[in-house]
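There are 2 protein chains.
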Amino acid sequence: MAEFDLIERFRQRAGQRADVILGIGDDAALLRVPPDALLVVSADTLVAGVHFPDDTAAADIGWKALAVNLSDLAAMAAKPAWATLCLTLPQAHEDWVDAFLDGFLELAAQHDVALVGGDTTRGPLSISVTVHGFAPAGQALRRSGAKAGDDIWVTGTIGDAAGGLAQWQRQGLMSAKLRHRLDRPTPRNEAALAVRGLAHAAIDLSDGLAADLGHMLRQSGVGADLDLGRLPTSRSLADHFPGEAERWTLQLTGGDDYELCFTAAPADALAIEQAFAALDLTATVVGQISSALGLRLNTPEGEAFVLPQAGFEHFREPT
Amino acid sequence: MAEFDLIERFRQRAGQRADVILGIGDDAALLRVPPDALLVVSADTLVAGVHFPDDTAAADIGWKALAVNLSDLAAMAAKPAWATLCLTLPQAHEDWVDAFLDGFLELAAQHDVALVGGDTTRGPLSISVTVHGFAPAGQALRRSGAKAGDDIWVTGTIGDAAGGLAQWQRQGLMSAKLRHRLDRPTPRNEAALAVRGLAHAAIDLSDGLAADLGHMLRQSGVGADLDLGRLPTSRSLADHFPGEAERWTLQLTGGDDYELCFTAAPADALAIEQAFAALDLTATVVGQISSALGLRLNTPEGEAFVLPQAGFEHFREPT
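As given, the protein sequences belong to chains A and B, one line each in that order. Whatever position you read off the first sequence (first residue = 1), add 121 for the numbering used here. Whatever position you read off the second sequence (first residue = 1), add 121 for the numbering used here.
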């Protein structure tokens, strides 16, 4: 495939929105932002062998490339709108590109996101996506808003993706459910919009709860106490990683969950639970924000310790 | 350097604008678009060994990564505002990153562009930038507006970057001026804004005049006659490539000029010349748009021929 054919392929499948005045095919896209909204912009790259195992299916790579970006919009409680896609490929195999777009556009359609531009170029496989969304002025969630006394909430279950990656690295028995959570993370955009008026601060869990919560604590000038016994755990993770220490390590320091972590006043807990019930999604209080700096981890047996605040570090060795 | 240190480095040097409500450091940036403007968005990737020679200085790579993107905004006659930067690096050497930012931010400052977000990750060197600008609704230039009878204009001189690349590939005598044009292209944003009310269509010259003009012709449903003897040629290019055939080939099919090509009514030629005189930049009429489809190349000796419409093709072999 020549580059022109690739662009034409993207153009035909890009999706439509009324606010896309001019999409793929010119030097730039022309887009209309609602007059009462702020534009919310985030960008993330996936590199083969670093952000996904080399044997990941093309459709899953496409899905994940958009998912990790939508997750950043979720963390700001912004409504997604548009994406640009910079795709670097060793070869432009038609089947691979189509499968990649299948995954990317399946998720895009779920969130009413139009692909409005980008670039295809030759080189080692990597994907950089920039996403754009809207939030009413003053309503976007930030990392810096956590207050002492807040509950710390986490959506869904955590540690699954890290469990899937650990199994892949060991090349032993693998759980299809855990691997699916690694390959097809679900960005929590609807959940974020549902708690926009209730949450004080939010971050998405890309690098592990300890590291990501650590960012929030530092930017908010507060500390936290986590109850390890309350970390939301899938049946698959519990079955495949029965030892608490290993499981907690996966849940605290493993990346790629893309669940939402947010804080809110305890008085709003019921409203939050009702909002999540309406979305058919679980959310769990895993601890409390404290004015005492630091991140304290408490076991069900009453032990307390501190994990080094290290999560996924992008300059580690590739997997 | 750890990723956190990198992000902090970017944050401190990102530049400021009043419309950046929240910049680097959260999950996404919060930005305010002027109420009467459309948002103009473009994204381009540079890959080492494909889009720049492997020996290119870090500062030049930084400059070029932003320049090629600003050039796309110029082609739409949009005023630049913000950029996101996805930087993939084999190692995070402090000196390299600082030099890269020196080049990137030197050009950003010239165009009042703030760096508002992005990602740093480990992998083979590549840089994906997404730029954002504004254009009043209805005033953005498109590729599709060329009209039969229009003059075809080109800013500056063309072929210099291709000449520099050709010399580098041959590893013989090299012109520092040509190499500089390859490494530090000048996006023509001011020129584009100056002719916004006069030009009918525009495109930036990234892949060579023949290919890029070809896009404009196809999207406008017209053809063109080019006068090869009028192609604007630098003294350096003429000195180092004295043979017409080789020089014309560089000018027509060589990439990386990032000059602006636009069309306008002949009646506006004087106004356009005056606008460029005020910018201390040359612009040259190199041909005319025609209702007869196809791209006809006319030599000063009265020969006419047609070059294959092939410019820079991203799935060629890396240089």
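I should point out that these hints are in silico values taken from the structure, not numbers from a laboratory. Note that the structure is predicted; figures quoted are calculated from it, not measured. No residue lacks a Cβ here, since even glycine has one placed at the ideal position from N, Cα and C. Among the hints, erroneous ones may be present.
Far from chain A by the CB rule (all over 12 Å, computed), these chain B residues [to be verified]:
hint, residue
1, Gln137
2, Gly170
3, Asp216
4, Ala258
5, Trp289
6, Gln290
7, Leu400
8, Ser412
9, Thr420
10, Gly423
11, Glu424
One-sided and incomplete, this derived list gives chain B residues near chain A with beta-carbon spacing under 7 Å [claimed, not checked]:
hint, residue
12, Asp148
13, Arg153
14, Pro156
15, Asp157
16, Val168
17, Thr209
18, Asp240
19, Gln260
20, Arg264
21, Gln409
22, Ala413
Hints, one by one, checked against the model:
Non-interface status of Gln137(B) relative to chain A is upheld: no Cβ of that chain comes within 12 Å, the nearest being about 16 Å off. Against the 12 Å criterion, Gly170(B) falls within the reach of chain A, whose nearest CB is about 8 Å from its own CB. The Cβ of Asp216(B) lies farther than 12 Å from every Cβ of chain A, with a closest approach of about 16 Å, so its non-interface assignment holds. Chain A draws Ala258(B) into its interface by the beta-carbon criterion, the shortest separation being 8 Å against a cut-off of 12 Å.
Even its closest Cβ contact with chain A, about 19 Å, leaves Trp289(B) beyond 12 Å, as expected for a residue assigned away from the interface. For Gln290(B), the shortest C-beta to C-beta distance to chain A comes to about 17 Å, beyond the 12 Å cut-off, and the non-interface label holds. At roughly 20 Å from the closest C-beta of chain A, the C-beta of Leu400(B) stays outside 12 Å, upholding its exclusion from the interface. No beta-carbon of chain A is positioned within 12 Å of the beta-carbon of Ser412(B); the least distance is around 22 Å.
Every C-beta of chain A lies more than 12 Å from that of Thr420(B), the closest at about 28 Å, which supports listing it as non-interface. No Cβ of chain A comes within 12 Å of the Cβ of Gly423(B); the nearest lies about 33 Å off, and the non-interface call holds. The claim that Glu424(B) is not at the interface with chain A holds, since no C-beta of that chain comes within 12 Å of its own (minimum 29 Å). Using the Cβ-Cβ criterion of 7 Å, the hint placing Asp148(B) at the interface with chain A is satisfied: the shortest such distance is roughly 4 Å.
For Arg153(B), the shortest C-beta to C-beta distance to chain A is roughly 6 Å, which falls under 7 Å, so the interface hint holds. The criterion of a C-beta within 7 Å of any C-beta in chain A is met by Pro156(B), whose closest approach is roughly 5 Å, and the hint holds. Below 7 Å, beta-carbon pairs count as interface contacts, and Asp157(B) has none with chain A, the closest being about 9 Å; its hint is therefore violated. Of the supplied interface hints, the one on Val168(B) holds, with its beta-carbon coming within about 4 Å of a beta-carbon of chain A, less than 7 Å.
The interface hint given for Thr209(B) holds, since its Cβ lies 6 Å from the closest Cβ of chain A, which is under the 7 Å cut-off. Of the supplied interface hints, the one on Asp240(B) holds, with its beta-carbon coming within about 5 Å of a beta-carbon of chain A, less than 7 Å. Proximity of Gln260(B) to chain A is violated relative to the hint, the smallest CB-CB distance being about 10 Å (cut-off 7 Å). For Arg264(B), the interface hint holds, the least distance from its beta-carbon to any beta-carbon of chain A being 5 Å, beneath 7 Å.
Checking Gln409(B) against chain A: minimum C-beta separation of about 22 Å lies over 7 Å; hint violated. Because the smallest distance between the Cβ of Ala413(B) and any Cβ of chain A comes to about 23 Å, over 7 Å, the interface hint for this residue is violated.
Of the numbered hints stated above, those contradicted by the structure are hints 2, 4, 15, 19, 21 and 22, listed in ascending order.
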